[in-house]
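Participant: In terms of the numbering used here, the sequence shown is residues 41 to 218.
No lab work stands behind these hints: they were computed from the structure.
Remember, it's a predicted structure, so these values are computed and weren't measured experimentally.
Note that the Cβ used here is the ideal one computed from N, Cα and C, for glycine as well.
Treat the hints with caution; some may be incorrect.
[What the hints assert, rightly or not] Estimated spans, in silico, between C-beta atoms of each pair:
(1) 72 to 157: 14 to 24 Å
(2) 180 to 106: 23 to 33 Å
(3) 117 to 150: 21 to 31 Å
(4) 56 to 170: 51 to 61 Å
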Amino acid sequence: MTPEARIQLLEDQIIRLEAMIRNLFRVATAQSYDPETDEVVAVDDVEGDDENGKPETPSIRVIGQSGAVQKRTTISPGEMLLIISPGGDFGIGSFAIPLGDNERNPSPSSHGKEDVTVIGQSVSRLREDRGELLSEHVDLGSPGGPPVARKGDKVLITTGSSAGLWPIVTAASKTYAV
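I would like the entire structure built from these sequences, with the hints used as guidance.
Facilitator: Structure follows, in structure tokens:
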């Protein structure tokens, strides 16, 4: 091998290694998300140029949790992600981690000890001393369970001067046992 060819080979290897190092950790923006496969396609807003556009990743798996506790995070277009590619190439071994709130996606809370999940208009809020579930419709229990008494339902009074079937006048109006 000539010295020139050897230098060219080494330069090519350096360029490839630099690209792999850049791809180990990459901050990107979600472009699209497939909820069936839990995979996201992201673009890097920093890399790229006017002629080639912004580089787009292949489909990358979104990190969840699937052990004794199972959690899944749905990704929205425009959400910031950390793409980790242990081998330095975007592909089957890569995974995406949501980066949390930013200017376009602010935090749903400023309380110190709190876990908040917001999906549409539904909010689940857990604190050290209480829990809340706010939604237009809340189902409790399991299929075939007993119904929850609601405003307008009737209650049977079996003894005393008020014996009979009477309507409930104050109760939950949006909570249901299923």
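Participant: Against the structure shown, which of the earlier numbered hints fail to hold, in ascending order?
Facilitator: none
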